[in-house]
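J.: The listed protein sequences derive, respectively, from chains G and R. The opening residue of the first sequence carries number 1 in the working numbering; numbering runs sequentially from there. The opening residue of the second sequence carries number 1 in the working numbering; numbering runs sequentially from there.
Treat the hints with caution; some may be incorrect.
As the list claims (entries may be wrong) - Only part of the chain G face toward chain R is listed, based on derived beta-carbon distances under 7 Å:
no.	residue
1	Arg23
2	Leu26
3	Thr29
4	Pro169
5	Thr170
6	Leu171
7	Phe213
8	Glu218
9	Arg226
10	Cys227
11	Tyr228
12	Met237
13	Gly245
If you are wondering where the hints come from, they were derived from the structure by calculation, not from laboratory data. For each residue, glycine too, the CB sits at the ideal point set by N, CA and C.
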Amino acid sequence: MLKDITLGQYFPGDTAVHRLDPRTKLILTVVYIAALFTANNWFGYLLVFAALAAVMIIAHIGPKAVLRGLKPLIFIIVFTAILNLFFTAGDDYIFHWRFIKITHTGVHNAVTMALRVMLLVAGTFLLTYTTSPLAITDGLEMLLSPLKKLKVPVYELSLMMSIALRFIPTLIEETDRIMSAQKARGADLESGTLIDRAKALLPLLIPLFVSAFRRADELATAMECRCYNGGEGRTRMKVLKMHRGDAVAFLLGAALMAGVILLRRVSL
Amino acid sequence: MEPIIQIQNITFAYGDAAVPALDSVTLDIYPGSFVTVLGSNGSGKSTLAKHLNAILLPKSGKVLVKGMDTAQEENLIPIRRRVGMVFQNPDNQIVANVVEDDVAFAPENLGVEPGEIRRRVDESLRAVGMYDFRMHAPHLLSGGQKQRIAIAGVLAMQPEVLVLDEPTAMLDPRGRREVMDTVEALCREQGITVVLITHHMDEAARADRVILMNRGKLVRDGTPREVFPHVEELRALSLAVPDATELVHQLNAAGMDLPADILTAAECAEVIGGVLCR
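Take these sequences, add in the hints, and give me the full structure.
T.: Here it is as structure tokens:
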């Protein structure tokens, strides 16, 4: 049953968006977020939304997938909206009853905040939908490599991340196995109060941790046997290369940002 | 011929253990040979393997790989590059999410330039017959396939010696056959020296030389034909001889006079047939 969990959010594909260099996509995601927070009126948001929709269409990612990504965040979105709705200071009341005050600014803030959070999350989901976790790791490593001069262990961090990704399916399989083993001995993992269930997890977690440590130890030895010696002097088989598509994408990103800045001047 | 690995009277104990895991072992391994180290659990065979590429260092005595002492820090990478090592559990040796990226790990560590890495990765994957799986995710492969990926990952260093520490222990019969065929081909066709640690006698039967270990000591050293007829001794070490050897042994015990150095069913059939036709 644990096997049904889809790992990462990556939808493999071969569209123009999928083919972009992961660095380009990472940078453009940042540009997109910046544009989103620069926008201050409906025209701005509309432009950001249009950009999002265009990428979704090119990448063949349906609105369903994006909405599914938003689902777990409904609570946060509604909560931010409600906070903004009731606790925005101002005197342009629409509704006033004892201590409950709803202002025009409040309504405006609630709607725009909810919109921003949704657009933000949808945009970053699009990155993970179209880029494999490994490519994201590689891209991040390359983008952060200037930090190596400041003694930030960029290579080691990215290796840790990719090893973690590599071992997720292995550990899920192991969890499944331990669960079956404990159930076979009469462990009850599914009923009782929350505290009971948390306690029932202990016989699951302890063997899992022990085995994870044993695996880590063996992996370290195997890596040493393959001449792992830290990030220094290492080369890569796959060197990331920017193509013409990346240049086009950067231009479009710049256009989006410029458009949003121009639209700031338009007032309703 | 110069030995490629020289083990000179080494002794090793884990921590403060009173009983040494290795006790005065001396052994020369020659280039291009297929050597198996046989022994039951706790015989010291895995400990011996870990001495061959400086994962463990002897408490006394010396291990020389192409004349380089494993105890010297500056020899570490040159030794590990030449002596590749494959372990029991394939899951715990694979580093990357994509087969070809995993095979590239060792040459990347060695600072080989990208085009050459690509060439070595393709070549290594072809050598183990896994080229078609180069873009797959390792966790979706079978045990035997994963173990072959692990072997390819070591081959990409272009080692001269391949040490395998019970590489088939966690595999089903089919996976075992895949791995053993691959290993034997690497030795016979590419001239890579193979040191196989195992407790499966049928795997040992394919080697040129069998080294028998018990309680940290080297107790017998010879070709499979020389070692296997010592059925009682092997049984005392809880090792099961191949069925053919066992049958000939029992027939001899029952009063027949057959040559004892029989390894395969075909040989066994031939000698028994020879006796019956006489």
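J.: Look at each hint and say if it fits the structure.
T.: Against the structure, the hints:
| no. | hint | result |
| --- | --- | --- |
| 1 | Arg23 | violated (17 Å) |
| 2 | Leu26 | violated (19 Å) |
| 3 | Thr29 | violated (22 Å) |
| 4 | Pro169 | holds (4 Å) |
| 5 | Thr170 | holds (5 Å) |
| 6 | Leu171 | violated (10 Å) |
| 7 | Phe213 | violated (11 Å) |
| 8 | Glu218 | holds (4 Å) |
| 9 | Arg226 | holds (4 Å) |
| 10 | Cys227 | holds (4 Å) |
| 11 | Tyr228 | holds (5 Å) |
| 12 | Met237 | holds (4 Å) |
| 13 | Gly245 | violated (22 Å) |
Going down the numbered hints, you'll see the structure goes against 1, 2, 3, 6, 7 and 13, while the others check out.
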